[in-house]
Structure formats: C-alpha cells, structure tokens
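Full structure from sequences and hints, please.
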Amino acid sequence: MKRFNEKQLFAILLFVGMIFWGGSWPSSKILTQYTSTEVITFWRFFFALLTFVPIVFALKVPLRLTPSSLKYLLLASFFNSLYSILFFTGLRFGFAGAGGVLEPR
Numbered sequence: 001m002k003r004f005n006e007k008q009l010f011a012i013l014l015f016v017g018m019i020f021w022g023g024s025w026p027s028s029k030i031l032t033q034y035t036s037t038e039v040i041t042f043w044r045f046f047f048a049l050l051t052f053v054p055i056v057f058a059l060k061v062p063l064r065l066t067p068s069s070l071k072y073l074l075l076a077s078f079f080n081s082l083y084s085i086l087f088f089t090g091l092r093f094g095f096a097g098a099g100g101v102l103e104p105r
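In full-length UniProt numbering, the protein residues as written are 1 to 105.
Bear in mind the hints are in silico, worked out from the structure with no lab data behind them. The C-beta atom is built at its ideal place from N, Cα and C for all residues, glycine as well. There's no promise every hint is true.
Label pairs and their calculated CB-CB ranges [to be verified]:
hint, residue 1, residue 2, range
1, Gly23, Ser77, 17 to 27 Å
2, Ile85, Phe20, 26 to 36 Å
3, Asn80, Gly23, 12 to 22 Å
Below, the structure written as structure tokens:
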C-alpha cells in the first residue's frame, strides 16, 4: 500500500472536505422542507457534540476554562448558533446552489 506524504494527504483531505461542504447546501435545503430551523440547528449541534466528546476524551484534551476564555467561548457559541439559524432560514427561502456563492448584482 502506498503511503502519502504530508502534501498529498493534505490535498486529499481538502478535496474530501470540499465535497462535504458542497453537499451540505442541497442536503440542508432538503432538510428545511421537513422541519423547522430550530429543530435542524439542535440536531446539528447534538451530532457535533456526540462526535467531539469521544475525540476529546481519546486525545485527553484538558478542558480548563478561565473567565477570559469563557467570554470568548460564549461569544463564539452565540455567533456559531446565529450562523446556523440564518443558514437554515436562508435555505428555506433561497436557492441551495446560490448559497455558497457571494455575488453582488
């Protein structure tokens, strides 16, 4: 079996990431037709939590929060939640194909 060097592995993972990112728009558009934005957002963060908790424990990442880091964590959480809600709301009323492209007209 051929071993990939670091650049090749990075290119492959970048390609796979782009496939998932590109597929998120039409799949999310389909989801918005079946349930509300809030429900989809909840499940999105729930599955992210289920994915990251085992990784954090497996890698033994320390979870110490200082008051200053907690401030940034809450701010990032707020904006990430806002992004997710606006993402699904926008897909409910807009086109999935135009979602990933910012093009002024």
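Hint-by-hint comparison with the structure:
1. Gly23 - Ser77: 17 to 27 Å: At roughly 25 Å between Cβ atoms, serine 77 and glycine 23 fall inside 17 to 27 Å, so the hint holds.
2. Ile85 - Phe20: 26 to 36 Å: 21 Å, violated
3. Asn80 - Gly23: 12 to 22 Å: 20 Å Cβ-Cβ, so the 12 to 22 Å window holds.
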